[in-house]
Amino acid sequence: MAGAGGGPGTPGGAQEDRERRLAELREEARRTGTVSAPGVNVEGGPLPAGSTSGAKPAGYYGQPVVKAPVWTWEIPTYFFVGGLAGMSAVIAAAARFIGHDAATSIAALWIAAVGAVISALLLISDLGRSSRFLNMLRVFKRRSPMSVGAWTLALFGGLSVLALTLATAQRHLLSAGGGSGALAVLVSVSSLGTAVLGSVLGTYTGVLIGATAIPAWHRHRVLLPAHFGIAGLGSSAALLQLLGFHRPALVAVALAASGAECLVGATVELARHGAADRALRTGRSGALLRLGGLLAGPTAFVLWLMGMLPFGAVAFLLGALVSRFGWLAAGRASARDPQSTLEAQGG
Amino acid sequence: MSIGQGTESPNQAAHDYLAEGRTVGFFTDPTVCIGCKACEVACKEWNMVPDDGYAWSGHSYDNSGDLGASTWRHVKFLEQDLAAGNQVAGPMTVEPGGEEPFRWLFVSDVCKHCEEAGCLEACPTGSIIRTDNGAVFVQDDVCNGCGACVVGCPFGVIDRRPTPLPGAGGAFKCTFCYDRQAVGLTPACAKACPTESIQFGPLDELKERAAVRVHELRQSGFEDARLYDAADTSVRGVHAFFLLLGDPGAYGLPPRPEVPTVHLGPAWASALTTAVMAMLIAVVAFALW
Chain A
1 MAGAGGGPGT PGGAQEDRER RLAELREEAR RTGTVSAPGV NVEGGPLPAG STSGAKPAGY
61 YGQPVVKAPV WTWEIPTYFF VGGLAGMSAV IAAAARFIGH DAATSIAALW IAAVGAVISA
121 LLLISDLGRS SRFLNMLRVF KRRSPMSVGA WTLALFGGLS VLALTLATAQ RHLLSAGGGS
181 GALAVLVSVS SLGTAVLGSV LGTYTGVLIG ATAIPAWHRH RVLLPAHFGI AGLGSSAALL
241 QLLGFHRPAL VAVALAASGA ECLVGATVEL ARHGAADRAL RTGRSGALLR LGGLLAGPTA
301 FVLWLMGMLP FGAVAFLLGA LVSRFGWLAA GRASARDPQS TLEAQGG
Chain B
1 MSIGQGTESP NQAAHDYLAE GRTVGFFTDP TVCIGCKACE VACKEWNMVP DDGYAWSGHS
61 YDNSGDLGAS TWRHVKFLEQ DLAAGNQVAG PMTVEPGGEE PFRWLFVSDV CKHCEEAGCL
121 EACPTGSIIR TDNGAVFVQD DVCNGCGACV VGCPFGVIDR RPTPLPGAGG AFKCTFCYDR
181 QAVGLTPACA KACPTESIQF GPLDELKERA AVRVHELRQS GFEDARLYDA ADTSVRGVHA
241 FFLLLGDPGA YGLPPRPEVP TVHLGPAWAS ALTTAVMAML IAVVAFALW
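Here the protein sequences come in this chain order: A and B.
So in the working numbering, the last one in the first sequence is 347, and the numbering has no gaps at all.
So in the working numbering, the last one in the second sequence is 289, and the numbering has no gaps at all.
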């Protein structure tokens, strides 16, 4: 294809090449009566896409079959923060009931409550009409993951704040020699409820993007909820470590999560879903997913195994965040690729 | 002659389908489409759909590109090899050294108004509803622009309208001219179509007419004539269906569309399993260490 630029004033070899090309065209036209070269397909020019190259684009002029997600940076950030908050509630409950570790439990509940508030703000700011965010709670639709998620987040937010308040009150009362049986029951019920809702909050986001028409997402509808949930669990352990909680149980959770993330990475790499795999392995989305996978998987696992807690934690948190952005980018790339859609919904 | 009874055609006549609760549909037949885009203009004018920019696509005479928040009817212009089927507009001779003949097809695409609608299922606010005549309708005063429907549509129809267009932030698509139907008028696109390539009417009657049309075309040598109605897929049929010559993929239509709710079962099973696994991991970790 002839290069861009190079007007009459352009000095040097480029100008000579272009003059030589004109002479070639003249010679070909004189000899054969026609010119075989297709010309230059300028962006927005009148030549149909594909007419100037050999390959015929898939579908209708290579136009996307499905619409790309309209979600911006708030959504992948929410996937990260929401997963972190939800799974922190799980760790809080395990620390309270199994580990009898009130300090770790209350710290984890803080992450849950603050994360829930940040999550809500992120979701509201992503709405096309943010002032109508309350319409999310207008109805409950169990077949709409967005509806299930909105309700889960709302209930989780309320309950996590309640659990945190009660647990903190109980701790102060106990240290002052007080504390009632009724309060202990309330703390237990609210902590357990927060943990159950949190485990849903940490995993439903995989359903939200898995049950869509986007090939790169729905081809991994089983992997995504597991991936997001496990990443949330590991992120929670990582953040608690960075906050100064070095209990071996947190390292064990972190190792399990980063080990599982290695398996997730391998699953994505080994998938054979035809054109839908392109978005996961090539371009910007592929790079983000691989970078995120390497950080949260093998890198964090090895660092944690070597006892370098803060480094493992930072690697895992970074990896989890980057791969959320990678999945959104992959969804966009996949939607733009008509071949992946026509294969996924093919005959 | 009163409003809504422009011609003798049933396509133009006044009706009472909405009050009767009759399921209505569009049957779009590209073999009689002349590519005039009257449907696109009629839709934009009646529904006051804003101009979303003039772009020169270079794809035959199609400069609308695709269906979206501000394009609710979209005429596609297909240029196919002659070898892909019979020429619709009569035989073209191939002269040595002359221009290659091609099959030129026009089809007016529109929201399919699915029986099992992905956008309606995904909508968390209840903004997207099923109307009495079986259409899928977005209540603009309820929609909060969450974007769930955009990735829920297997046909890439509905989209969120960007700023600075009027109504920006909300999701938009074909309304099936609910306002017109409520007073017995046919949808604007069908009303304006000069060749009745777009036919409006009760879905069952349209299906019968379409079957006859396919038979006629096949008898006349168009062996690749077929109906595209997604009846045997998880979408369970579309209320705006099409006659196609050749492969649906060439029209940018998924050959076997799937409503994304089919993925809910496996995805939720994985989510709940993971939720339990996460609890187990945390419990075991705190029990042992």
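Don't read these hints as lab results, they were simulated from the structure.
Honestly, I wouldn't trust all of these hints.
[To be verified] Cut-off 20 Å, straight-line C-alpha distance, at most; resulting in silico cross-link-like pairs (DMTMM-like, lysine to aspartate or glutamate): (1) 141/A x 141/B; (2) 141/A x 116/B; (3) 56/A x 247/B; (4) 56/A x 79/B; (5) 207/B x 66/B.
[Unchecked claim] Just so you have them, the derived chain A footprint on chain B, three or more residues with Cβ under 8 Å: (6) 60–71; (7) 114–128; (8) 140–148; (9) 154–160; (10) 166–179; (11) 191–200; (12) 279–285.
Even glycine gets a Cβ: it sits at the ideal position worked out from N, Cα and C.
So, going through the hints one by one against the coordinates:
no., hint, verdict
1, 141/A x 141/B, "holds, 19 Å"
2, 141/A x 116/B, "holds, 15 Å"
3, 56/A x 247/B, "holds, 15 Å"
4, 56/A x 79/B, "holds, 12 Å"
5, 207/B x 66/B, "violated, 26 Å"
6, 60–71, "holds (count 5)"
7, 114–128, "holds (count 8)"
8, 140–148, "holds (count 7)"
9, 154–160, "holds (count 7)"
10, 166–179, "holds (count 4)"
11, 191–200, "violated (count 0)"
12, 279–285, "holds (count 6)"
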